[in-house]
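Trainee: All chains should be built: construct the whole structure from the sequences, respecting the hints.
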Amino acid sequence: MKRFDNQVNAGSMADIAFLLLIFFLVTTTIDVDKGITVKLPPWTDEPIAEDVIKRNVLSVKVNRNDELLVRGEVVPISRLKERTIEFILNPDQRTDMPRSPRVAVISLQNDRETSYETYIAVYNELKAAYNNIRQEEALKRYGKAYENLNKEAKKAIRKDIPLVISEAEPTDFALK
Amino acid sequence: MLQCSPHCSIMIHSFSYSLIMAKLKSKPKRSRPTISTASLPDIIFILLFFFMVVAIIQENNLLVKVIPPHASESEKLQRHDEINHIYIGQPSNKNAGTSPRIQLNDAFAEVKDVQRFVAANPQKYSTTLHVDEQVTMGIVGDVKTELRQANALKVHYASRKKAEE
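Note that the protein sequences, when read in sequence, are chains A and B. Position one of the first sequence corresponds to residue 1 (our numbering), numbered consecutively onward. Position one of the second sequence corresponds to residue 177 (our numbering), numbered consecutively onward.
There could be a bad hint or two in this list.
Between beta-carbon pairs, the in silico distance windows are [claimed, not checked]:
#: 1; chain 1: B; residue 1: 225; chain 2: A; residue 2: 156; range: 50 to 60 angstroms
#: 2; chain 1: B; residue 1: 301; chain 2: A; residue 2: 100; range: 24 to 34 angstroms
#: 3; chain 1: A; residue 1: 6; chain 2: B; residue 2: 269; range: 46 to 56 angstroms
#: 4; chain 1: B; residue 1: 272; chain 2: A; residue 2: 40; range: 24 to 34 angstroms
#: 5; chain 1: A; residue 1: 74; chain 2: B; residue 2: 246; range: 15 to 25 angstroms
#: 6; chain 1: A; residue 1: 85; chain 2: B; residue 2: 336; range: 23 to 33 angstroms
#: 7; chain 1: B; residue 1: 300; chain 2: A; residue 2: 71; range: 34 to 44 angstroms
#: 8; chain 1: A; residue 1: 100; chain 2: B; residue 2: 269; range: 47 to 57 angstroms
#: 9; chain 1: A; residue 1: 105; chain 2: B; residue 2: 275; range: 26 to 36 angstroms
Hints listed in this document are in silico derivations from the structure and should not be mistaken for laboratory results. Quick reminder that beta carbons are idealized off the backbone N, C-alpha and C, glycines included.
Mentor: Below, the structure is given as C-alpha cells:
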C-alpha cells in the first residue's frame, strides 16, 4: 500500500510571517502623523492693545491671491525665510528692526480667501527661519546641533530666541 | 606572520581552487532542484489582502478628501490616541456638495460643533487639523476661533514632509 508522507512545508512560513510584518509596519506608518505644531493665543473678547513698538514687528500679510506683503513690500515666498532671519538678527543694527531677537514679534495676517497651502507655506518659512537661527545659536554656544542639546540648553535658547507669531483677524474682502 | 612571495600566494590559491573543484566533481550528478512555487499564491494572496485592508481604512474613515500641504519643518506628532482629529476638505461624495466641510469623528459637522467636540474629550490635550491644501483659510480661521474659545490652544497642522531637493 502506498503511503503518503504528507507534511506541511514550513519553508514558506517565514516568508508569510515576513510579509505580515511588513504589512503591520506599513499600516502603522500610515497612522503616524506629521505636522507643524502651533500654540494659539487664548481667546479674549477685548481687542488686544497695540502697545508693541513698531520696530519689533515684522508684519506679514497674505492676500486672497496668495501674494505676500512683508512690511509693505511685495516679497516672493521663496525669499521670506532670509527676510525673516535678517529681521530677527538685525546684523546691521538698523533702527527699524528689533534690538535683540527676544523682542521680535511676527504678525501674520491672512485673508479668508487665502489658500491653506500658502498659509502653511508661509508658516513653514517663518518656522524654518527660527529653526535656522536656533540651530546656529546652538552651534555657537554649545558646539552641538539643537536636536542634540539637553532640555535646559534647549529651553535657554528658546527663551533667548522666542518664536512669537501673532495672528490678526483675517481680512475679508470677499464680502466688501 | 608567515612571509610569502606573491608567486607563492598564487600557488596557494590555485591549490585551494583545485581542491574545491575536485570536491565538486566528485559528487554524483544530480538533477537540479527546482524552486518550489507552492507559496507564491499565498504571498500574492497576502499582498491582495494588504491592499484591500489599506484601501478600506481610507474609505471608511474619511468623508472628506484631505491632501495635506507640504512643509519642510514638519515634525512627528505624539501619541495618536491622545489627539483630537478634525478634518476639513471637499466631501468625497459628490452628493454632499463641493464646498469644504468639517468632519468630526465619523460625520459631517458645522463650525459651532467644534467646541462641543473638543470639550467632550478633556483628556486629549491637543488637536490636529487635517486640512486639504485646496481649502481657503476662511473655514480654517473659524475653526481656529472655536478652538481658542474652547481653550484648546495646542494645535497641529497636518502636513507632508517636503521631498528633499
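Trainee: Against this structure, judge whether each hint is valid.
Mentor: Results of checking the hints against the structure:
1. 225/B / 156/A: 50 to 60 angstroms: Because 52 angstroms falls inside the window, the suggested range holds.
2. 301/B / 100/A: 24 to 34 angstroms: 32 angstroms, holds
3. 6/A / 269/B: 46 to 56 angstroms: 52 angstroms, holds
4. 272/B / 40/A: 24 to 34 angstroms: Roughly 29 angstroms apart at Cβ, these two residues keep to the hinted range, so it holds.
5. 74/A / 246/B: 15 to 25 angstroms: Since the Cβ atoms of residue 74/A and residue 246/B sit about 23 angstroms apart, the hinted range of 15 to 25 angstroms holds.
6. 85/A / 336/B: 23 to 33 angstroms: For residue 336/B against residue 85/A, whose Cβ atoms are near 24 angstroms apart, the range 23 to 33 angstroms holds.
7. 300/B / 71/A: 34 to 44 angstroms: With a Cβ separation near 39 angstroms, residue 300/B and residue 71/A satisfy 34 to 44 angstroms, so the hint holds.
8. 100/A / 269/B: 47 to 57 angstroms: 54 angstroms, holds
9. 105/A / 275/B: 26 to 36 angstroms: 35 angstroms Cβ-Cβ, so the 26 to 36 angstroms window holds.
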